[in-house]
Amino acid sequence: MSPEPILVEQLSKTYQVPEREGGFGAAVRSFFKRKYKDVKAVEKVSFRIEPGEVVGFLGPNGAGKTTTLKMLSGLLHPTSGGASVLGFTPWERKSEYLRSMTLVMGQRNRLSWDIPAADSFLLNQAIYRIPDDEYKKTYKELDELLELEPLMKKPVRNLSLGERMKCEIAAGLLHRPRVLFLDEPTIGLDITGQVRIREFLREYNRRTGAAILLTSHYMADVTALCERVIIIDHGQLKYDGGLTDLSRKIAPFKLIGVMLSDADSHDLSRYGTEVQNEEDMDKRYLQVRADEVTRVTSQLLSDLPVHDITIADPPIESVIEQAFNQ
Amino acid sequence: MLNIFKRLWQVNWAEQWQYRANLIMYLLYWLVSPIIYLSVWTSIASAKGSVNGFTAGDFVNYYMILLVADQFTSNIVIHNFAYKIQDGSLSGELVRPIHPMLTNTLVNNLAFKALILVGFTPVWLILTLIFKPDFSGVTWQGVLLSIPAMLLGFIIGFLLSAAITSLAFWTTRVYSLHEFYYAVILLFSGQFVPLTLMPKIVQDIAQYLPFQLFMYYPIQLILGKLTTAQIIQGFVVGLVWLGLSILFFNFVWRRGVKQYSAVGA
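Protein sequences, first through last, are from chains A and B. Sequential numbering from 1 applies to the first sequence in the working numbering. Sequential numbering from 1001 applies to the second sequence in the working numbering.
Since the hints were made in silico from the structure, they are not lab data. Predicted model only: the values in this text are computed from it and were never measured. Glycine included, each C-beta is placed from N, C-alpha and C at the ideal position. Just so you know, not all the hints are guaranteed correct.
Quick list of in silico lysine-lysine cross-link-like pairs, BS3-like style, CA-CA up to 30 Å [stated by the list, open to error]: (1) Lys-1084/B to Lys-1258/B; (2) Lys-154/A to Lys-136/A; (3) Lys-283/A to Lys-238/A; (4) Lys-44/A to Lys-283/A; (5) Lys-1084/B to Lys-40/A; (6) Lys-1258/B to Lys-153/A; (7) Lys-1258/B to Lys-33/A; (8) Lys-1258/B to Lys-154/A; (9) Lys-154/A to Lys-1084/B; (10) Lys-37/A to Lys-1258/B; (11) Lys-1006/B to Lys-238/A; (12) Lys-1084/B to Lys-37/A; (13) Lys-136/A to Lys-1113/B; (14) Lys-153/A to Lys-1113/B; (15) Lys-1006/B to Lys-1084/B; (16) Lys-1006/B to Lys-137/A.
Here are some, though not all, of the chain A residues that point toward chain B, as calculated from beta-carbon distances under 7 Å [to be verified]: (17) Ser-73; (18) Arg-110; (19) Ser-112; (20) Ile-115; (21) Asp-119; (22) Leu-123; (23) Met-219.
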């Protein structure tokens, strides 16, 4: 086994996208002469992921996350740069490589829509050449963690989104891949469903020591699973490091929430920057530098009619948003 | 590998079975144009006595066997595969360690054929009652020889369609190109008109093309109308085209997969 499952060096992908203005004239002109624009989806991205690591891959829409995952799983050829996963060059698409990794996308892809998941599972068993006893063992484990059994006999089209996602993930893991690329594995799921999948991934990682690189729009996925995050924006690497360091480096702030009598009549601007918090309209929130928190808190308590006060870390969403805006 | 094909068969058979009504529509579509050609040519032949030596009865025999040969040699790769490149759903198949075209799509075509034969057989029997073909010239040697000929025709046709469909990796939409390809088949396979009635130049070209293997060549084999020399030539040309179509498909596929942009999500 290679010492590092994922090694990415100066990886770049440029798409050529046809471009034209709206309107009939432009449509006719573009029929004869097409203009192309180079879109740099991924630009000289480098990182390495060790065995057993779970890494969150973050960035706004169109940042190049999915493109990177598609290159690492061998679907796309890069424009330049290199990558080695488990010692293989992904886009050479060697069977041995495809058998030891998985790509799960937050949409249907592994299961046939028209037939029960059980049949697709058996097909995967054959495709990945999983011996019967090993298949049974893995299936039992997956069933324990995801409660698959009641879903297996129904045609996939009749499953709910959450049920289908569970089956998709299980189908992608039957062959016990050593590297998992997960693109939005919890998209569209309700909170319970999300928690389920998260717990499952943590457990799978613990049991098998597989490396996981996952993208998600739900920060809870990231905070629950990943100690390390890689952030890219406009195709470029912006941050690679610990999740806790990220907050400290990028947003060394705390949020102080206060509930006041006649909330609106007080001017809080001299204590810190007031921020909106839509989840809690009863309180007013102040963003305060971490080393100022004690001073500001005692001042607030002595100056104002405070009913209730809370001090919290800013939500990771806003931290990451700040990271993108830097 | 055998196990993979077994499981693929189960999945594809079950899938096709879900779309029985769709399949009947396909079957009708498949039958319409040969039956039209049959009707047109037999009425012309009846009016004139014969067309270049082809009597109305000859046309009936020819087209009744054409319907069978078409069932065995045709494929639906374009319908099964092109959209997967367009909408990116091919990604799910490309990350699996098997060739999407030469396993899943191939089996899908076979399952489709198997199921459509169930519907086709009674329809064909009814058509024989209506048109009353005269199969007295059919020899068992001819029928036996037609089996490898149609198999060759199917494999070549599958690979050529697969290669043309794979052009979708570049152009995204390949349906119009495929329509053009289909027109070429119509002409050179002997579906539009038996090749012997074509101008000499078309016949000369057709015998070196693979398309006669789809219809004309197996039909003539079954009807016992070919000389030994013609039989040998047909198989040799077929084997050469088999090699060429393997090379052609591989060439397009390898470059196509590099070109694939895995759109969506």
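Here's how the hints hold up against the structure:
Note on Lys-1084/B and Lys-1258/B: the hinted pairing holds, with a Cα-Cα distance of about 16 Å set against a maximum of 30 Å. Straight-line distance between C-alpha atoms of Lys-154/A and Lys-136/A comes to about 20 Å, which keeps the hinted pair within the 30 Å bound. Taking the CA atoms of Lys-283/A and Lys-238/A, the gap is near 34 Å; set against the 30 Å cutoff, the hint is violated. Under the criterion of a C-alpha separation no larger than 30 Å, the hint pairing Lys-44/A with Lys-283/A is inconsistent with the structure, at around 44 Å.
About 25 Å separates the Cα atoms of Lys-1084/B and Lys-40/A, which keeps this hinted pair within 30 Å; it holds. Annotation: proposed proximity of Lys-1258/B to Lys-153/A is violated, straight-line Cα distance about 37 Å (limit 30 Å). Restraint check for Lys-1258/B and Lys-33/A: the C-alpha separation of about 24 Å stays at or below 30 Å, so the hint holds. Straight-line distance between C-alpha atoms of Lys-1258/B and Lys-154/A comes to about 37 Å, which puts the hinted pair past the 30 Å bound.
Proposed proximity of Lys-154/A and Lys-1084/B is supported: the alpha carbons are some 24 Å apart, at most 30 Å. This hinted pair checks out: Lys-37/A and Lys-1258/B have alpha carbons roughly 20 Å apart, not beyond 30 Å. For a cut-off of 30 Å, the pair hint linking Lys-1006/B to Lys-238/A is broken: about 48 Å separates their Cα positions. Proposed proximity of Lys-1084/B and Lys-37/A is supported: the alpha carbons are some 25 Å apart, at most 30 Å.
Of the supplied pair hints, the one linking Lys-136/A and Lys-1113/B is violated, its CA atoms being roughly 34 Å apart against a limit of 30 Å. A hinted pair counts as satisfied when its Cα atoms are at most 30 Å apart, and Lys-153/A with Lys-1113/B qualifies at roughly 27 Å. Proposed proximity of Lys-1006/B and Lys-1084/B is supported: the alpha carbons are some 23 Å apart, at most 30 Å. A threshold of 30 Å between alpha carbons decides the hint, and for Lys-1006/B with Lys-137/A the separation of about 23 Å falls inside it, so the pair holds.
The interface hint given for Ser-73/A holds, since its Cβ lies 6 Å from the closest Cβ of chain B, which is under the 7 Å cut-off. The interface hint given for Arg-110/A is met, as the beta carbon of that residue sits about 5 Å from the closest beta carbon of chain B, less than 7 Å. With its C-beta approaching chain B no nearer than about 6 Å, Ser-112/A sits inside the 7 Å limit, and its interface hint holds. With 7 Å as the threshold, the beta carbon of Ile-115/A comes within range of chain B, its nearest partner Cβ sitting at about 5 Å, so the hint holds.
For the restraint placing Asp-119/A at the interface with chain B, the shortest Cβ-Cβ distance is roughly 6 Å, inside the 7 Å limit, so the hint holds. For Leu-123/A, the interface hint holds, since its Cβ comes within 7 Å of a Cβ in chain B; the closest pair sits about 4 Å apart. Look at Met-219/A: its Cβ only gets to about 20 Å from chain B, farther than 7 Å, so that hint breaks.
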